[in-house]
Amino acid sequence: MKGWYQSYIVKETEAATLAAFRILFGLMMVLSLIRFWLKGWIQSLYIEPTFFFSYYGFDWVKPIGLWTYLLFIICGLSALAVSIGWKYRFSSVVFFLSFTYIELMDKTTYLNHYYFVSLMAFIMIWLPAERYASVDAYWDETKRSQRIPKWSVDAIKLMLGIVYFYAGLAKLNSDWLFHAQPLTIWLSNKYDTPLIGALMSWSWIPIVMSWTGALYDLLVPFMLCFRRTRLIAYIAVIGFHVMTGLLLPQIGMFPYIMIISTLIFFNSNVHHQILKVIFRCLGINKEIFDNGKSYLSCLSLRSRVVMYLLLVFFALQIFLPFRNLLYSGELFWTEEGYRFSWRVMLMEKAGYTTFKIVDQNTGRQFFAQNENFLTPFQEKQMSFQPDFILEYAHFLKTYYEQTTDMKDIAIYADSFVTLNGRLSTRYIDPTVDLTKEKESFKHKTWILPFNDEIKGL
Amino acid sequence: MKKLLYLLILISAFGCGDSEESRTISEEQSTVILTNWADNFIIPAYEEYLAQLDKMEEAFEAFNSVRSVGNLETLRTRWIETYTAWQKVEIFQIGKAESLNFQTYINLYPVDVEKIEASIKGEEYNLELPSRRNQQGLSAMDYLLNGLADSDETIVAKYEAEEYRTYLSDVVSRIRNLSDQVANDWKGAYREEYITNTSSSSGGSLDKTTNDFIFHFEKMLRANKVSNAAGVFGSKDETSVEAFYKNDISRMLYLVSLESSKNFFFGNSFNGDDQKESLRSLLIELDRSDLVDQIEKGYTELNEKASMLSDSFSEQVLNDNTKMLEVHDASQTLVRYFKTDMLSALNIGIDYQDGDGD
Chain A
1 MKGWYQSYIV KETEAATLAA FRILFGLMMV LSLIRFWLKG WIQSLYIEPT
51 FFFSYYGFDW VKPIGLWTYL LFIICGLSAL AVSIGWKYRF SSVVFFLSFT
101 YIELMDKTTY LNHYYFVSLM AFIMIWLPAE RYASVDAYWD ETKRSQRIPK
151 WSVDAIKLML GIVYFYAGLA KLNSDWLFHA QPLTIWLSNK YDTPLIGALM
201 SWSWIPIVMS WTGALYDLLV PFMLCFRRTR LIAYIAVIGF HVMTGLLLPQ
251 IGMFPYIMII STLIFFNSNV HHQILKVIFR CLGINKEIFD NGKSYLSCLS
301 LRSRVVMYLL LVFFALQIFL PFRNLLYSGE LFWTEEGYRF SWRVMLMEKA
351 GYTTFKIVDQ NTGRQFFAQN ENFLTPFQEK QMSFQPDFIL EYAHFLKTYY
401 EQTTDMKDIA IYADSFVTLN GRLSTRYIDP TVDLTKEKES FKHKTWILPF
451 NDEIKGL
Chain B
1 MKKLLYLLIL ISAFGCGDSE ESRTISEEQS TVILTNWADN FIIPAYEEYL
51 AQLDKMEEAF EAFNSVRSVG NLETLRTRWI ETYTAWQKVE IFQIGKAESL
101 NFQTYINLYP VDVEKIEASI KGEEYNLELP SRRNQQGLSA MDYLLNGLAD
151 SDETIVAKYE AEEYRTYLSD VVSRIRNLSD QVANDWKGAY REEYITNTSS
201 SSGGSLDKTT NDFIFHFEKM LRANKVSNAA GVFGSKDETS VEAFYKNDIS
251 RMLYLVSLES SKNFFFGNSF NGDDQKESLR SLLIELDRSD LVDQIEKGYT
301 ELNEKASMLS DSFSEQVLND NTKMLEVHDA SQTLVRYFKT DMLSALNIGI
351 DYQDGDGD
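So the sequence lines, in the order shown, correspond to chains A and B. Note that my numbering has the first sequence beginning at 1, numbered continuously upward. Note that my numbering has the second sequence beginning at 1, numbered continuously upward.
Heads up, some of the hints might be wrong.
Each computed BS3-like pair below joins lysine-lysine, with the alpha-carbon atoms no more than 27 angstroms apart [what the hints assert, rightly or not]:
id, chain 1, residue 1, chain 2, residue 2
1, A, 349, B, 219
2, B, 276, A, 380
3, B, 262, A, 380
4, B, 276, A, 356
5, A, 380, B, 121
6, A, 356, B, 219
7, B, 305, A, 407
8, A, 349, B, 262
9, B, 276, A, 190
10, B, 297, A, 397
11, A, 286, B, 236
12, A, 349, B, 236
13, B, 187, A, 356
Calculated directly from the structure, the hints in this document are not laboratory data.
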């Protein structure tokens, strides 16, 4: 083990691999942010709402009014700077911070693939991705190196592998494998999907797609690693992501980001070819970067510190998705430990939740009208996620105590949720005054138990 | 690879055994449903509404030239008949109705009596402005025909003054104008556009009509007609009922509206009982008769509760508000089934801003 480790950390690889990844990933980020802006989502998601849902401990992160646009500009420019490798260390830090800040502003918009981008941005801060084919290295010969430690490329591969593999593990449950849910629901009216719409009326489509989806996620990271299976795995990557992109257009840029990112598994010849094409278009001689030099020594202190940091980071990444095991109750129902775990497209869940406001001094009671405080999107997300329900109840208490003469308010949720096609049932204990409950990592006892059983991970 | 293929075949065989029939909606089914909605529900409902509107207009002309208690009473009757027919078209805020914001110009209440009086007394007004929505439509006619004074004689006497006749005339022609635009669109090109828009996305007719149906149930049938007056979202307000000035027809209008909502869900032609293709048949197709049963029970219970209310909802609010609250609670059960289970089963999103999801 020790011998393997010693020989592994001194292994080197072509810097072109990481550089090609940096350029393409950065460009995808720029495009994603422009798309986000053009769709008007900065306005509708971050400017128009009056209330924002915070992650536990991050309630100080809020949209900053019209300055939010500036935040997106900074984020987009830093992504561009990362892509071209200009002041790389600084711009990668700015990109990570600005992107993560945006994601923390309102958890209504939580998406696994945004989380993936944040993690990738974090990893990239520490990697020598600017040593090759970058503005930094072009201008300053001392910052040029053709070879970098192999582990820096492997870190990206490992992150991608974790995303796929855990997404596959999460699919090993009875709803997904045996009831073909939620795909049965999601594919039920896809008759007008381009190319494959006609197939969608076949009854076996959802179950076949469920199983192939699970197998794909579990196997593809390994198949990408081995030379013999790599090409077929990459064809599967393209096929799978294009298919999901067509059928489920709401997943946005994610399929394309994955198709681009997984190129990193190829041999460095491929990346040299990609860079050659790019540099030919730019009219720059790529060969100036091929100086045969190595980046630092793999045994240097700096290199080792970064490696240990990434080891801790990945240890966390490996255990975090299993934290749901610390909670009792059905994960899909309570969602305790659901986020940040690569549980992607697993649930068709919808809720209807209203709040009874009771003035404890006079006994007067009425229902809050959610549309006065939340956008339809926020209301939809709030209605089936306990932490949202609690945070919103606390907001309502503060709001009514400040704007009316009621000074001692109790709040009760009237909440019903449907999960993967089951008839909706009551979700939150209607006798519990939510203003007395506090957010924490402990199990929320006021979530009513799930009436069914979903077997599996 | 070969092994993988065998595995897939095995799985698909297993999958077929699990669910015999395909739980999907086809484009043809969509067309059948949309055609049924258009031809057996929406267009006939508009035809009846327009026919009533014609009669109401005639009655107005008669009253306008000969102002008598008898003519006022006839106009009132015609107004009630039009208001009743309106309940059946109120669900469909799609096409021209959507772009014109039709519903909000016809039936927004409580009406702003002060502004109506000020307009009559000479303040300039333009009924096309959104700010004038609560001063026109069938709901404003309620005030103009029933609320100007205590006795019919005094009301008739008011119309001796030209400005009252002008305002009422303006209100009637505005209703006429808007209604004609919407109904003519349905009679013209829109029907075809409607039934051929089988897109499964949020712009498709099935998606939009289902959203309209739920919006109607939640906002108009539940909140506007019952819950607002009962103080569910704030304080009780007996003036906030439909046709407050006529006062004794709010339950009648409510029940027509409820019946219309129910008929639409069950696919009954707008005055029939024939259960053609609609949301009910669609849910059964998708293997959700459990949900259909719940919704059917919900409608029955709501109907029972609502039938126990007084003819006048404002009296009901003042005398025994608990019965109003019970109707609200019974409505909630259906809102929940519509907004969670039904939308989920139909794979339809609530009309809201888009965004990525995973």
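Structure-based check of all given hints:
1. Between residue 349/A and residue 219/B the alpha-carbon distance is near 23 angstroms, which keeps this suggested pair within the 27 angstroms criterion.
2. With a CA separation close to 31 angstroms, the supplied pair residue 276/B and residue 380/A exceeds the 27 angstroms bound.
3. Restraint check for residue 262/B and residue 380/A: the C-alpha separation of about 25 angstroms stays at or below 27 angstroms, so the hint holds.
4. Our distance criterion of 27 angstroms between C-alpha atoms is broken by residue 276/B and residue 356/A, whose separation comes to about 39 angstroms.
5. A hinted pair counts as satisfied when its Cα atoms are at most 27 angstroms apart, and residue 380/A with residue 121/B does not qualify at roughly 47 angstroms.
6. Using a Cα cut-off of 27 angstroms, the hinted pair residue 356/A and residue 219/B holds, with the two alpha carbons roughly 18 angstroms apart.
7. Annotation: proposed proximity of residue 305/B to residue 407/A is violated, straight-line Cα distance about 35 angstroms (limit 27 angstroms).
8. At roughly 26 angstroms between alpha-carbon atoms, residue 349/A and residue 262/B fall within 27 angstroms of each other, so this suggested pair holds.
9. At roughly 23 angstroms between alpha-carbon atoms, residue 276/B and residue 190/A fall within 27 angstroms of each other, so this suggested pair holds.
10. Simply put, residue 297/B and residue 397/A have alpha-carbon atoms about 35 angstroms apart, too far for the 27 angstroms limit, and the pair is violated.
11. Taking the CA atoms of residue 286/A and residue 236/B, the gap is about 77 angstroms. The hint is violated against a cut of 27 angstroms.
12. Using a Cα cut-off of 27 angstroms, the hinted pair residue 349/A and residue 236/B is violated, with the two alpha carbons roughly 35 angstroms apart.
13. Between residue 187/B and residue 356/A the alpha-carbon distance is near 45 angstroms, which puts this suggested pair outside the 27 angstroms criterion.
Checked against the numbered hints above, the structure breaks hints 2, 4, 5, 7, 10, 11, 12, 13 and satisfies the rest.
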